[in-house]
Amino acid sequence: MPDFVMPSLGADMDAGTLLEWLVKPGDAVHRGDVVAVVDTDKAAIEVECFDDGVVEQLIVEPGAKVPVGAPLARIGTGEGVAVPAPARVPVPVPAMAPAPAPAAGPLPAAGEPLVTSPLVRHLAADRGLDLHAVPASGPGGVVHRADLDRTASTTAGPPPAQAPAGPPPAQAAPPLPPAVRASPMARRLAAAEGLDLSGVEGTGPNGAISAEDVRRALLPAPHRPPRTPRPRPHRAARPRAAAAPPATSAADEKARAMRHAIAALMERSNREIPHYYLTSTIDLTALTAWLRARNRELPVEQRLVPAAALLVATARAAHDVGQLNGHWIDDEFRPADRVDLGLVVSLRRGGIMVPVVTDAANRSVEQLMAALRDLVERARLGRLRGSELGQPSITVSNLGDQGVESVLGVVYPPQVALVGFGAVVERPWAVDGLLGVRPVVTASLAADHRASDGAIGARLLTRIDRLLQNPEEL
Amino acid sequence: MNPDRARELIQLTLLDIVPDADLDGITGDADLRESLELDSLDFVTLVERLSRRADYRIDEEDYPQLRTMDSAVRFLAAHAA
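Protein sequence lines correspond, in order, to chains A and B. The opening position of the first sequence corresponds to residue 1 in my numbering, with each subsequent residue numbered one higher. The opening position of the second sequence corresponds to residue 1 in my numbering, with each subsequent residue numbered one higher.
Fair warning: there could be bad hints in the mix.
[To be verified] Derived DEER-like restraints, expressed as beta-carbon distance ranges:
1. E301/A with A78/B: 21 to 29 Å
2. Q65/B with D33/A: 41 to 49 Å
3. Y63/B with G76/A: 37 to 45 Å
4. Q65/B with L347/A: 24 to 32 Å
5. R268/A with D22/B: 32 to 40 Å
6. Q402/A with Q65/B: 18 to 26 Å
7. R5/B with R349/A: 25 to 33 Å
[To be verified] To be clear about the criterion: a stretch of chain B counts as covered by chain A if any three or more of its residues have a C-beta under 8 Å from a C-beta of chain A, and this derived list gives those stretches:
8. 8-16
9. 45-57
[Said to hold, decoys possible] Counterexamples of contact, computed for chain A against chain B with all Cβ distances above 12 Å:
10. R215
11. I262
12. R268
13. Q302
14. G400
15. L435
16. V437
17. I456
18. E473
Think of the hints as simulated: they come from the structure by calculation, not from any bench. Quick caveat: nothing in here was measured; it's all calculated off a predicted structure. Cβ coordinates follow ideal geometry from the N, Cα and C atoms, glycine included.
Sequences and hints are given; from them, build the entire structure.
As structure tokens, this is what we get:
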């Protein structure tokens, strides 16, 4: 059985940092199970394994940065389980990456970005622990789950038996402070805003605090609804600004890393790929009418936007014009056997992520709409999975929402084409010798001239146009 | 629905979508999509959640009424129970 390796989580990733193992030797795993959290330059990503089996050995320690393709764990039939603990195998690190600090390294100075897994952050938030105050045992100051347990026990109970070299005690965490019932979303929100949940009135089942309750508590006083007269001393005692600096510097760090990753990839694209560009204006009268009719029938939560249909049409067209769907590798074009559509998602704080809709040519507009909403929402929350950041076979950039009329994109190597859509706008349009006002969109293609010529590119745009004239067949 | 309640629902929903939005900094007649950089997916999310919270189905024909905070408050106050 192949090793579980560092996956490629996007075209701009060449190495990743293993943040946390979610399995241990002896655990049975199945294809699709989330087994680890990996940090790329863009976000912490939960990665799934691709085989069924038993974890025999964890090869890489949390905190280590390894190149894409490096083995992370051995997954087998279970006969060779290396119990009890992860073996301390020296980890190959690319020369350019700084070697991780030795285990039990110095604590990061307060205010420095802390690398922790989402799980540890959630646990810390649940227990009301400040991660900066938790002694970290991981390399480079990475806080592990066991560190939280130790900290909780020093604050809440008798001093823990010193656990010098051995593995951390496996007992359950010591008693926690009085439980506050709250949804996970509410906890995340409260943690992000530095709000003490014990001061928030819960309106959910059994008095549980919902995300909405947290938001209400966070609204500036004049906006707060008058129907909750109970005072909330905790909020006043903890101004939001106090919690801001560490988070901001970590976010800045991330933003810088993301900028570098994007810069490196785009630089490579412009250096290696001789681009050609085509544009075509497409009449969306039929699509707009069809969407309006569909949306009248559909429940509000399934309502469609034009982008979903534009994406389906692009995927079908890429399937039909296969010379643009694939990768340029070792000086030759290698067609992909299905259309995995990359979606350029812009993040609110700057930067982009490119999640993938797999086998997009075989999805209905409704299915693509659901996938689109889900992926975009989770991309913006930093909660994509590894399998959603694989290598697309073609990418779409839809900047129409930002109000621009056309997008002349940069191809993501090793892909060979990028389709762009501008805003749907009303324009004078001549049909059968008569002038009317119609909704139109400008579709563009940026393509790799090594892999295709303009005539092929034109075929793709024409095909997209044709498909959008019969939306009921999409 | 009274206008204060309508405004509260709209603000809650906008903060769902843009958690760090500075709603105080947006005037009543400013275009919400532009001011908050909402894309079409954000906008359908706004419509969906607002429909649910106000228990009133907002249709595509109603979208122009949600352009600004003032018009959205007026719309919701007039239609939602």
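Consistency of the hints with the structure:
{"no.": "1", "hint": "E301/A with A78/B: 21 to 29 Å", "in the structure": "holds, 23 Å"}
{"no.": "2", "hint": "Q65/B with D33/A: 41 to 49 Å", "in the structure": "holds, 47 Å"}
{"no.": "3", "hint": "Y63/B with G76/A: 37 to 45 Å", "in the structure": "violated, 56 Å"}
{"no.": "4", "hint": "Q65/B with L347/A: 24 to 32 Å", "in the structure": "holds, 29 Å"}
{"no.": "5", "hint": "R268/A with D22/B: 32 to 40 Å", "in the structure": "holds, 38 Å"}
{"no.": "6", "hint": "Q402/A with Q65/B: 18 to 26 Å", "in the structure": "holds, 23 Å"}
{"no.": "7", "hint": "R5/B with R349/A: 25 to 33 Å", "in the structure": "holds, 32 Å"}
{"no.": "8", "hint": "8-16", "in the structure": "holds (count 5)"}
{"no.": "9", "hint": "45-57", "in the structure": "holds (count 6)"}
{"no.": "10", "hint": "R215", "in the structure": "violated, 5 Å"}
{"no.": "11", "hint": "I262", "in the structure": "holds, 19 Å"}
{"no.": "12", "hint": "R268", "in the structure": "holds, 28 Å"}
{"no.": "13", "hint": "Q302", "in the structure": "violated, 9 Å"}
{"no.": "14", "hint": "G400", "in the structure": "violated, 8 Å"}
{"no.": "15", "hint": "L435", "in the structure": "holds, 25 Å"}
{"no.": "16", "hint": "V437", "in the structure": "holds, 17 Å"}
{"no.": "17", "hint": "I456", "in the structure": "holds, 30 Å"}
{"no.": "18", "hint": "E473", "in the structure": "holds, 22 Å"}
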